[in-house]
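Make the full structure from the sequences, and use the hints.
2 protein chains.
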Amino acid sequence: MIVESDINRRKETRSISVGSVKIGGSAPVVVQSMTCTDTRDIQSTISQIHRLEEAGCEIVRVAVPDVEAAAAVGKIKKAINLPLIADIHFNEKLAHGALEGGADGIRINPGNMPRESVRRIIQDARGRAAALRIGVNSGSLEQDLLDRFGHPCAEALVESALRHISLCEELDFHNLKLSLKSSHVPTMIDAYRLISAKADYPLHLGVTEAGSLLSAAIKSSIGIGILLSEGIGDTIRVSVAGDPVSEMPVAFGILRALGIRKVGPDIIACPTCGRCEIDLAGLVDKVERRLAGMKEHLVIALMGCVVNGPGEAAEADIGIAGGRGKGILFKKGTVMRTVPEDQFFDVLVEEIGQMIGRKV
Amino acid sequence: MIVESDINRRKETRSISVGSVKIGGSAPVVVQSMTCTDTRDIQSTISQIHRLEEAGCEIVRVAVPDVEAAAAVGKIKKAINLPLIADIHFNEKLAHGALEGGADGIRINPGNMPRESVRRIIQDARGRAAALRIGVNSGSLEQDLLDRFGHPCAEALVESALRHISLCEELDFHNLKLSLKSSHVPTMIDAYRLISAKADYPLHLGVTEAGSLLSAAIKSSIGIGILLSEGIGDTIRVSVAGDPVSEMPVAFGILRALGIRKVGPDIIACPTCGRCEIDLAGLVDKVERRLAGMKEHLVIALMGCVVNGPGEAAEADIGIAGGRGKGILFKKGTVMRTVPEDQFFDVLVEEIGQMIGRKV
Chain A
0 MIVESDINRR KETRSISVGS VKIGGSAPVV VQSMTCTDTR DIQSTISQIH
50 RLEEAGCEIV RVAVPDVEAA AAVGKIKKAI NLPLIADIHF NEKLAHGALE
100 GGADGIRINP GNMPRESVRR IIQDARGRAA ALRIGVNSGS LEQDLLDRFG
150 HPCAEALVES ALRHISLCEE LDFHNLKLSL KSSHVPTMID AYRLISAKAD
200 YPLHLGVTEA GSLLSAAIKS SIGIGILLSE GIGDTIRVSV AGDPVSEMPV
250 AFGILRALGI RKVGPDIIAC PTCGRCEIDL AGLVDKVERR LAGMKEHLVI
300 ALMGCVVNGP GEAAEADIGI AGGRGKGILF KKGTVMRTVP EDQFFDVLVE
350 EIGQMIGRKV
Chain B
0 MIVESDINRR KETRSISVGS VKIGGSAPVV VQSMTCTDTR DIQSTISQIH
50 RLEEAGCEIV RVAVPDVEAA AAVGKIKKAI NLPLIADIHF NEKLAHGALE
100 GGADGIRINP GNMPRESVRR IIQDARGRAA ALRIGVNSGS LEQDLLDRFG
150 HPCAEALVES ALRHISLCEE LDFHNLKLSL KSSHVPTMID AYRLISAKAD
200 YPLHLGVTEA GSLLSAAIKS SIGIGILLSE GIGDTIRVSV AGDPVSEMPV
250 AFGILRALGI RKVGPDIIAC PTCGRCEIDL AGLVDKVERR LAGMKEHLVI
300 ALMGCVVNGP GEAAEADIGI AGGRGKGILF KKGTVMRTVP EDQFFDVLVE
350 EIGQMIGRKV
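Quick mapping for you: the protein sequence lines, in order, are chains A and B. Everything in the first sequence is counted per numbering that gives the first Met the number 0, starting at 0 for the first residue and increasing by one. Everything in the second sequence is counted per numbering that gives the first Met the number 0, starting at 0 for the first residue and increasing by one.
Check each hint, because a few of them may be wrong.
Chain copies aren't distinguished; within one or between two, either way the pair holds.
In silico EDC-like pairs for lysine to aspartate or glutamate, Cα to Cα no more than 20 Å straight-line [said to hold, decoys possible]:
#1 K197 x E154
#2 K294 x E349
#3 K358 x E154
#4 K325 x D37
#5 K331 x D146
#6 K325 x D171
#7 K294 x E158
#8 K77 x D316
#9 K325 x D345
#10 K358 x E53
Read the hints as simulated data drawn from the structure, not as lab findings. In this text, all values refer to a predicted model and were calculated from it rather than measured experimentally.
So, in structure tokens, the structure goes:
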């Protein structure tokens with residue numbers, strides 16, 4: 000009953016391609032996001048996509064609410080490296096426009112797209128080797144399902160997805176991924192568990208409308224975290240009301256905490272208490288800021304006192320166990336030397352730079 | 000396979016008392032924290048405890064690293080309402096001092112307390128009807144367990160706890176709760192699952208040394224969230240390197256997201272995208288700040304566009320689905336009226352005030 004091995008045993012799903020990025024099969028869990036710029040403002044959108052890429056984002060989605068936005072897709076696509084998904088609602092023509100502009104995938108919402116339209120989008124996507132996401136959402140279920148189930152429960156979300164899966168399968172189209180997002184975390188968990196038992200397409204996990212950064216971190220960590228820990232999920236999106244770049248530390252934090260992808264520093268730091276005689280919270284803040292965006296994985300323990308400090312610091316790649324105005328520096332379980340408190344930050348930056356072979 | 004009902008089916012544990020607060024049995028999951036002030040600084044400690052209580056904290060712990068801190072416990076206890084736990088390491092005498100001062104419970108760490116000392120602490124606690132927490136931590140395991148298991152794995156944490164449980168049971172002492180904290184989330188999850196299968200004492204859940212607020216929110220939401228969703232856990236602590244008051248929104252956010260305790264507003268808000276024509280992130284921020292500390296539970300949907308906006312707003316207690324420069328106000332599923340964007344905040348504050356029967 001070792002959880003970590005369970006966690007790493009993912010349900011095997013079909014492997015699909017979104018541009019150059021593989022999702023499902025044996026591919027790592029992919030982190031994605033969506034721009035919050037006006038897609039028609041091409042420069043702002045490109046600039047936000049570059050910032051997302053810099054922060055680790057691996058696939059990006061843009062809203063395509065009108066013809067002008069659909070026309071912008073081609074220009075955006077030419078200026079970015081990430082695979083690009085066009086988010087389409089209501090209007091089939093926008094999907095064709097985005098595909099013509101080179102979109103690597105289309106996200107459609109079964110709740111607001113007639114079956115005949117979806118059929119033509121599938122045929123267009125197939126011709127261009129683009130992927131399709133069937134993106135069900137608790138806020139936009141088909142009316143007949145709401146009438147039948149009474150409210151957007153897990154079973155209703157699953158039924159909505161299955162309808163469109165069968166349409167794709169009729170057309171022998173399988174470059175497909177699924178999302179069944181709810182703003183209600185237990186419903187989201189249940190919907191993904193149910194669909195995972197019924198379909199083998201890769202799953203895009205997310206809690207929808209998860210709110211501000213902290214709220215989104217809590218809801219997404221629970222919802223996405225529980226599913227990933229059960230081996231369910233091939234790509235994730237943390238939805239934050241705010242700058243989407245802020246989603247990246249949460250997404251990679253979830254993957255790192257579960258041992259699924261070891262990207263970026265893992266900072267172990269005690270909450271401090273009446274025993275702590277150093278400014279630990281200040282040190283944690285400085286170190287986090289300095290290492291923001293670092294991709295190399297290191298476990299860094301910043302500890303306030305002798306109770307758990309030496310133990311945690313010894314388990315980490317590098318650590319400081321503080322005492323009164325000084326601390327003991329550990330590297331890979333070995334005590335290196337005593338460091339005065341005013342040198343903690345500089346010593347850590349220097350040593351971490353040496354460990355990863357570049358200045359931080 | 001409805002998750003929410005599973006989530007609410009908690010494993011039945013013994014009911015214990017920490018001062019006036021029940022933990023385990025059929026009691027709600029209790030939220031607790033720990034001061035980060037110098038315990039000897041009585042005024043600062045009392046003031047932080049009052050701020051914690053105001054923010055929803057239900058039990059508070061203080062570090063007792065020396066005789067002066069033990070002597071402070073009595074004075075702190077007289078000035079606060081919350082049950083008070085003294086955190087004791089290494090030195091048995093400090094436990095007796097804290098109990099004499101009226102501490103409602105003692106947390107000991109099996110890794111650094113001789114068996115004979117624990118025996119005397121138990122006898123002292125029994126005489127005063129105080130509770131005991133056996134608080135195992137990955138950073139301070141007994142050396143023989145580290146030698147035997149090689150590193151602080153789940154099985155080693157469990158073994159450490161079982162040793163002290165048996166000592167308590169020999170002395171027929173059962174006013175006991177357990178924690179098996181690790182800074183490694185999968186280890187923490189596994190340790191609690193294992194101990195939950197072997198013991199029926201209430202469990203205090205926490206990911207130890209979880210780092211800064213965002214990091215702690217991610218790790219704690221996953222670790223505590225997975226366990227609570229399995230019915231494991233009777234009291235929780237989110238450990239943040241920083242002001243412990245900041246732990247409260249995370250702790251209650253976890254409980255709310257899982258439907259375990261409905262305390263405080265649940266703000267559903269979309270991440271916005273190229274469709275959004277209102278300043279949604281700004282509105283979310285203003286509403287969150289205004290409602291900070293609100294205990295009444297309301298689902299409030301703040302949505303940027305027509306795709307999911309009306310659907311989510313209709314499911315919420317109150318919601319606004321934005322359009323260009325205006326939005327539709329929903330209450331309990333009914334469309335109330337159209338509101339201009341510059342009045343969103345005032346209208347929400349007014350309506351929420353009416354719903355909960357007091358100004359917000």
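| query | Quick one: K325 to D171, C-alpha cut-off 20 Å, is that within a copy, between copies, both, or neither? | reply | Cα proximity of K325 and D171: none, with 66 Å in one copy and 44 Å across.
| Should K294 paired with E158 be assigned to within, between, both, or neither, using CA atoms and 20 Å as the limit? | neither (39 Å within a copy, 36 Å between copies)
| query | Can you tell me if K325 and D345 fall within 20 Å by alpha carbon in one copy, between copies, both or neither? | reply | This pair counts as within: shortest intra-copy Cα distance 14 Å, inter-copy 51 Å.
| query | How would you classify K325 and D37 at a CA-CA limit of 20 Å: within, between, both, or neither? | reply | Answer is between; shortest inter-copy Cα gap is 18 Å, intra-copy 51 Å.
| query | When no copy is specified for K197 and E154, does a C-alpha distance of 20 Å or less occur within a copy, between copies, both, or neither? | reply | within (12 Å within a copy, 35 Å between copies)
| message | Regarding K358 and E154, is the shortest C-alpha distance of 20 Å or less found within a copy, between copies, in both, or in neither? | response | Neither way: K358 and E154 sit 52 Å apart in one copy and 39 Å across, limit 20 Å.
| said: Cα distance capped at 20 Å. Does K358 pair with E53 within a copy, between copies, both, or neither? | reply: within (17 Å within a copy, 44 Å between copies)
| query | Is it within a copy, between copies, both, or neither that the alpha carbon of K331 lies no farther than 20 Å from that of D146? | reply | The answer is between: 17 Å across copies meets 20 Å, while 60 Å in one copy does not.
| request: Measure nothing new, just compare the shortest in-copy and cross-copy C-alpha distances for K77 and D316 to 20 Å and report within, between, both or neither. | output: Neither way: K77 and D316 sit 41 Å apart in one copy and 44 Å across, limit 20 Å.
| query | Is it within a copy, between copies, both, or neither that the alpha carbon of K294 lies no farther than 20 Å from that of E349? | reply | within (17 Å within a copy, 46 Å between copies)
Hints 3, 6, 7, 8 from the earlier list are contradicted by this structure; the remaining hints agree with it.
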